[in-house]
Amino acid sequence: MARIGVFVCHCGENIGRTVDCSVVAKESAKLRDVVYSVDYKYMCSDPGQIMVKDAIKKHNLTGVVIASCSPLMHEKTFRRAVQETELSPFLCEMANIREQCSWVHEDKVLATKKAVDLVRLMVEKVKRNTPLEPIRIPVTKRALVIGGGIAGIQAALDIADGNQEVVMVEKSPSIGGHMAQLSETFPTLDCSQCILTPKMVSANSHKNIKLYTYTEVESVTGYIGNFDVTLRKKARYVDDSICSGCGICQEKCPQKKISSEFNTGLGKRPAIYIPFPQAVPNIPVIDKERCTYFKNGKCKACEKFCDRNAIKFDQTDEFINIKVGAIVVATGYEMYNIGKNNKNGIKGYGEYGCGEDPDIIDSLQFERLLSASGPTFGEVKRPSDGKVPETVVFLQCVGSRDKAKGMEYCSKICCMYTAKHTMLYKHKVHHGQAFVFYLDIRAGGKNYDEFVRRAIEEDGAIYLRGRVSKIYREGDKLIVKGADTLSGSQVEIAADLVVLATAITAQPDIVPLAQKLGVGYDKYHFLSEAHPKLKPVETNSAGIFLAGACQAPKDIPESVAQASAAAAKVLGLCSATELEREPYVAKVYESTCAGCGFCIEACPYKAIDNKAIVNRQGKLIKNVAYINQGLCQGCGTCLSVCRSKSIDLAGFTDEQIFSEINSLFV
Amino acid sequence: MNYGYFPGCSLHATAKEFNDSTKLVCDKLDLELKEIDKWICCGATPAHTTNQELGIALPFANLQLAADQGFDTVVAPCAACFNRLRSADFEVKHSGYTAERVGYITGSRTDINVRILHIIQLFRDEYGYSRLKEVFSKPLKGLKVANYYGCLLLRPSLVMKLDDPENPVIMDELTNLTGAESVPWAFKTECCGASLAIPETEIVLDLSKKIIDSAKNAGADVIAVACPLCHANLDMRQKQIGKKFGADYSTPVLYITQLLGLALGIDPSKLGLDSHLVDPYPVLRAKNIL
Amino acid sequence: MSQHKETIKHDFEPNIVAFVCNWCTYTGADLAGTSRLKYEPNVRIIRLPCTGRIDYNLLLKAFESGADGVLVSGCHPNDCHYNLGNFHARRRFTVFRQLLDFVGIDIRRIQFAWVSAAEGAKWAQLVTQVTNEVRELGPFTNYKRISELSFPYKELEPEPLEEVTA
Amino acid sequence: MHITLNLSSGAFAGEIKDISGANVFDCYQCGKCAAGCTVGGYIDDTPTKVIRFIQLNQRDKALDSRTPFLCAACNTCSERCPMEIDVAKIMESVRILALKEKRKPERDVAVFSELFLGSVKTTGRLFELGLTAGFNLMSGQPVKDAELGARLFRKGKIAIKPAMSGNKNVKQIFDKSEAVSGSSSKEEKAEH
Ligand SMILES: Cc1cc2nc3c(=O)[nH]c(=O)nc-3n(C[C@H](O)[C@H](O)[C@H](O)COP(=O)(O)OP(=O)(O)OC[C@H]3O[C@@H](n4cnc5c(N)ncnc54)[C@H](O)[C@@H]3O)c2cc1C
Ligand SMILES: Cc1cc2nc3c(=O)[nH]c(=O)nc-3n(C[C@H](O)[C@H](O)[C@H](O)COP(=O)(O)OP(=O)(O)OC[C@H]3O[C@@H](n4cnc5c(N)ncnc54)[C@H](O)[C@@H]3O)c2cc1C
Ligand code: SF4
Ligand code: SF4
Ligand code: SF4
Ligand code: SF4
Ligand code: SF4
Ligand code: SF4
Ligand code: SF4
Ligand code: SF4
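Respectively, the protein sequence lines represent chains A, B, C and D. Sequence positions in the first sequence follow numbering that gives the first Met the number 0 and run 0 to 665. Sequence positions in the second sequence follow numbering that gives the first Met the number 0 and run 0 to 289. Sequence positions in the third sequence follow numbering that gives the first Met the number 0 and run 0 to 165. Sequence positions in the fourth sequence follow numbering that gives the first Met the number 0 and run 0 to 191.
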């Protein structure tokens with residue numbers, strides 16, 4: 000005989016306001032096999048948990064239903080509590096009467112009725128639960144970090160310093176990410192490269208880190224503790240084990256006019272190139288599309304002059320298989336381009352000339368103009384004619400907070416870096432004037448608002464609250480037509496240079512990677528954390544963590560903090576030799592299995608195999624399906640393809656689900 | 000194929016030459032325009048800014064006429080009429096409520112399907128650039144044209160669906176086909192204040208001045224327009240502008256159909272080149288076009 | 000602005016069962032809650048690991064137990080936590096719907112949707128929409144029609160899944 | 000300027016929504032409409048400010064503003080609004096309401112519209128000469144544009160007689176429009 004206890008939580012006012020919890024408790028008491036029921040203000044609090052434990056002992060409960068928030072929120076909490084008694088944690092179920100009831104309904108009577116229904120469902124289910132044994136799986140003590148920006152570097156270093164192996168994969172020829180392109184950084188104005196370069200170097204030289212640049216993730220299979228990853232190391236056409244990074248090849252290459260990615264198109268590079276002087280590794284790569292030899296079979300100047308014979312025109316992509324226990328995704332962001340009407344409903348800015356005027360640049364380009372290592376060696380010169388701009392207009396929120404362009408979110412860092420830009424500009428061009436069009440100033444960090452105030456009070460930037468409607472050229476000047484809503488006027492500025500703080504967007508190629516990893520993403524393609532407050536670095540795929548701007552726009556301090564948090568999670572995972580996994584796995588009833596093999600085909604994890612059943616004489620009686628419990632992830636796909644109903648799924652058995660359905664409407 | 004032609008009030012009066020040149024060009028290209036019988040004024044800006052129902056019913060009544068007379072396509076050269084026809088059609092199609100009211104007001108059915116094209120669309124989408132290029136006999140080589148689109152032709156872009164609202168190219172493409180050179184300039188789509196011309200003349204003088212200045216600065220010999228209101232403000236008011244700002248203003252303003260007509264070798268006086276207040280002949284002669 | 004509106008009384012309140020996957024739609028429904036979006040209270044959610052877990056029997060059982068409408072919802076294509084489960088479900092579901100149609104049951108009573116973990120608003124809107132549609136259709140009374148087909152016996156079960164593409 | 004806020008905030012916004020379908024609370028006062036407004040140099044209240052008045056339920060301030068009357072209906076604002084608000088339509092709505100209540104902050108514009116529509120109502124088509132002459136008379140500037148008129152006349156651009164469409168339906172359209180306008184039903188408009 001089942002003896003079920005029901006515990007109804009008010010969640011303060013959260014449930015209690017819309018659901019009459021005492022009625023739910025009373026109605027639950029009337030259900031068959033329910034021997035105890037109670038309602039309480041905070042079930043998940045210590046006293047609440049003690050109540051559950053005491054009741055289990057006192058009433059000899061064989062199953063527990065907690066009617067409260069979503070199981071995704073607190074199932075672990077309550078199961079842990081139950082486990083502390085004699086009862087198996089798998090005999091505890093939750094009825095979600097908050098997220099799916101009190102928060103989404105208004106009518107108290109209907110909501111209370113629904114809550115009772117939800118409790119009844121779970122009572123029926125829990126009666127049929129069985130005390131399962133968690134599955135133990137071994138852990139590969141090695142982590143994969145995808146993306147070599149500041150977030151990826153920090154995560155890799157922290158994990159490596161914690162004495163675990165790290166494989167770091169970066170798709171471009173060098174690590175460093177966007178931070179390597181920045182000049183000086185807010186809120187302290189320290190030089191970006193000065194603080195980053197040492198970290199890049201140690202990431203490359205750390206004994207626990209294996210670095211693959213110009214490499215991408217080809218495929219990922221497996222699960223927490225046991226991922227099998229294939230990497231594609233793209234052909235560099237330079238043998239990285241021989242090359243000394245002398246750079247002669249770059250100098251000799253006749254193709255010198257290729258627009259440099261690192262310098263955001265403001266500088267040039269050859270076809271064989273090291274992206275920037277401090278690149279790690281300091282090894283060139285041949286841009287196959289632009290190389291004369293690859294295009295028409297002639298040249299090979301680089302090969303001729305390389306005295307180490309490191310150029311290998313016949314190199315091909317290489318595939319590397321690795322096994323890792325955890326993955327940190329740190330793929331960062333891209334800047335929104337105002338020029339194109341691109342995919343996902345993201346529109347361009349016709350009103351700002353679609354980025355075709357050379358003196359309308361984006362903020363990253365301005366960083367390059369400010370940077371001592373940039374195309375102008377840190378002198379602010381405008382791209383069209385090299386003149387030092389005397390009037391510079393900065394536009395915030397370009398693309399961001401703009402429903403019409405397709406991005407409604409705030410990019411979070413542009414208020415800060417625009418303030419920084421006005422200061423750095425003023426420090427370099429003393430007689431220059433900076434104007435900033437802004438909507439709001441979002442400077443909610445330590446020393447951030449003080450920083451923005453400094454730009455206004457000490458460095459004389461004029462802040463205008465309003466958007467700009469149109470920018471057009473009139474001779475030497477760019478006419479900026481904006482508004483100052485504080486004075487209620489139209490404002491026209493004849494500018495020498497216009498800098499657009501364009502939106503931070505997700506990496507354009509992130510979706511396929513997210514799909515390979517089984518990680519969710521939001522409608523703007525930023526990767527989704529498991530819980531916005533309580534699991535900000537975890538994803539819904541166990542063993543996969545997030546760091547940096549791939550999750551949402553973030554500045555460097557935040558990216559680093561999240562990277563270290565992700566590293567802590569990885570180290571925690573690797574600290575155990577075995578992991579416990581929920582035992583929701585499928586099982587075959589061999590007696591009825593017809594050996595048709597449909598399930599084998601259907602299983603996405605290749606967890607099912609054929610098994611021969613032989614009699615004592617060794618004679619084959621029949622073939623049946625056999626499920627490898629280590630591989631099975633419990634999706635249940637096999638169940639629904641099996642025509643003889645010979646498979647069941649622990650935790651979600653047919654019996655359990657059917658009884659839930661049966662008790663739906665009474 | 001024959002097209003229901005909706006000239007609109009202006010083309011029968013101040014913009015006579017737009018009407019003439021449109022008809023001559025279409026004739027030459029074998030595009031048959033048949034004027035919709037008993038068409039009425041589209042109400043222009045005053046109607047929809049005074050009474051919404053009226054602003055939709057007046058243009059829509061014309062679509063009903065066209066449908067009743069068996070046209071499946073209506074062509075309007077006037078940007079304002081084009082705008083009102085499109086808007087009315089859009090509103091009726093997108094709101095059952097509006098449709099019902101308009102049905103009541105006009106006393107006729109609203110479930111009609113008539114395509115509404117602007118005259119330049121007829122050249123681009125129906126006749127096609129490739130054929131057009133072949134029939135031009137007198138290329139306008141050397142002529143620099145600032146194409147002025149104004150506001151009503153393009154906006155709201157969701158309804159007009161003619162071209163990009165910020166960087167339109169259709170008129171430029173047409174002018175380039177004639178051998179003339181369209182100049183890039185900033186005021187292509189700025190509004191000249193059309194509807195304010197009579198009550199708020201001063202505003203219109205200011206706005207028109209800026210537009211003409213911008214075209215001149217871009218090196219244009221002439222401005223091309225596709226709207227009688229634009230033409231009225233830019234051509235007819237240049238003398239007033241000159242007086243107000245103490246400068247000489249004499250940039251010819253031509254209808255795009257006149258440019259196409261010249262390229263087709265049609266007699267300039269038939270195209271109405273004589274009826275502009277700013278005489279275009281000197282410029283055209285200087286460029287060896289006439 | 001206040002979200003309050005008067006509760007409208009209807010003659011018929013349908014029972015709706017939603018079979019949802021744990022990873023996307025269940026989380027999306029939670030998000031609707033966290034965002035305090037409001038929807039019709041007629042729906043009862045049954046949580047499954049994956050829409051791939053759903054076979055016809057569950058859907059039939061739901062109708063048999065008194066559901067007037069059934070909603071099946073999982074991750075978007077390619078976003079399945081288990082990689083492929085939702086494709087299987089989708090195919091199966093298409094066949095099942097055709098079958099219902101064949102026996103003359105309004106297929107609006109059973110709907111399939113993709114709701115991701117980020118789409119709380121979509122979930123709220125979906126539930127309200129399905130509830131309204133089924134409310135209009137009225138109570139489901141002809142369960143017998145399906146059971147007379149002696150479904151789910153194998154003869155009637157459609158042949159291999161590949162026949163129907165999603 | 001002084002504004003007192005009270006409980007009925009939102010009422011005027013509702014009126015505007017009924018006519019225009021636009022929700023003024025979508026506006027976050029970014030000023031982009033003001034920045035590009037064609038007549039920005041000639042108005043006291045930017046379109047952004049007019050919308051603010053509506054948000055704050057300042058009916059009089061909005062209805063007495065000259066902006067909706069000077070608005071050229073050029074749609075620049077609507078086209079560029081980052082919140083996809085049809086600003087031009089909001090201006091149109093304010094103007095319609097103001098006219099209904101016989102408020103004419105810009106008398107000349109209102110007179111022009113009246114004469115224009117009057118001409119269309121009688122003949123089905125616009126009589127430009129009649130319109131200009133009438134306007135000049137009523138606005139008390141009988142010789143305005145006279146010189147321009149003479150030049151146009153010489154170019155054969157001025158028709159002396161009103162054009163007739165011969166369409167008998169016109170008067171009915173005017174009368175019925177007059178009758179139905181203002182009887183708008185709220186819910187239906189909102190969904191549009
Ligand atoms: C103009 C501008 C100025 C800024 N100024 C400041 C400042 O002053 N102070 C401050 O704190 N912050 C500043 N920031 C923000 C700063 O750039 C970010 O916080 C930081 O770069 C985020 O680091 P990240 O590692 O998450 O991403 P990223 O720097 O974008 O690095 C991501 C890395 O992952 C790699 N990658 C991407 N996809 C893949 C893939 N599929 N496989 C393998 N590798 C991949 C990329 O190549 C890149 O190397 C500024 C940003 C901008 C745009
Ligand atoms: C009005 C208000 C509303 C908010 N709403 C939200 C919201 O909706 N969402 C949100 O995300 N955040 C919200 N926050 C922010 C949230 O409160 C903080 O982010 C969070 O509480 C910070 O947690 P903490 O642990 O750092 O600090 P605290 O919550 O302050 O905890 C610090 C603990 O340390 C103890 N302590 C202090 N000194 C000592 C000592 N010397 N020795 C030992 N113990 C010590 C204190 O007693 C306390 O228990 C809100 C904050 C406020 C003020
Ligand atoms: S490839 Fe050769 S020439 Fe080029 S950097 Fe390496 S060693 Fe030097
Ligand atoms: S072979 Fe290619 S990379 Fe090498 S020098 Fe020539 S162009 Fe440059
Ligand atoms: S951070 Fe500032 S500039 Fe950037 S989108 Fe947000 S409000 Fe706009
Ligand atoms: S102090 Fe608080 S209220 Fe003020 S701007 Fe900062 S976060 Fe907002
Ligand atoms: S439940 Fe079945 S299909 Fe899913 S992983 Fe396990 S064995 Fe494979
Ligand atoms: S589908 Fe069922 S019957 Fe067929 S092999 Fe698998 S378990 Fe056996
Ligand atoms: S552009 Fe749009 S959001 Fe901005 S102030 Fe104008 S109406 Fe408001
Ligand atoms: S439609 Fe009116 S308010 Fe909008 S930009 Fe044009 S003139 Fe200004």
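Some hints could be false.
[What the hints assert, rightly or not] On the chain A side, residues computed to face chain B include the following (Cβ under 10 Å):
(1) 25
(2) 28
(3) 32
(4) 35
(5) 41
(6) 45
(7) 348
(8) 351
(9) 357
(10) 469
(11) 474
(12) 478
Calculated from the structure, these hints are not laboratory results. Remember, it's a predicted structure, so these values are computed and weren't measured experimentally. Glycine is no exception: its CB is placed at the ideal position from the N, C-alpha and C atoms.
Need the list of violated hint numbers for this structure, in ascending order.
Violated hints: 1, 2, 3, 4, 5, 6, 9; rest satisfied.
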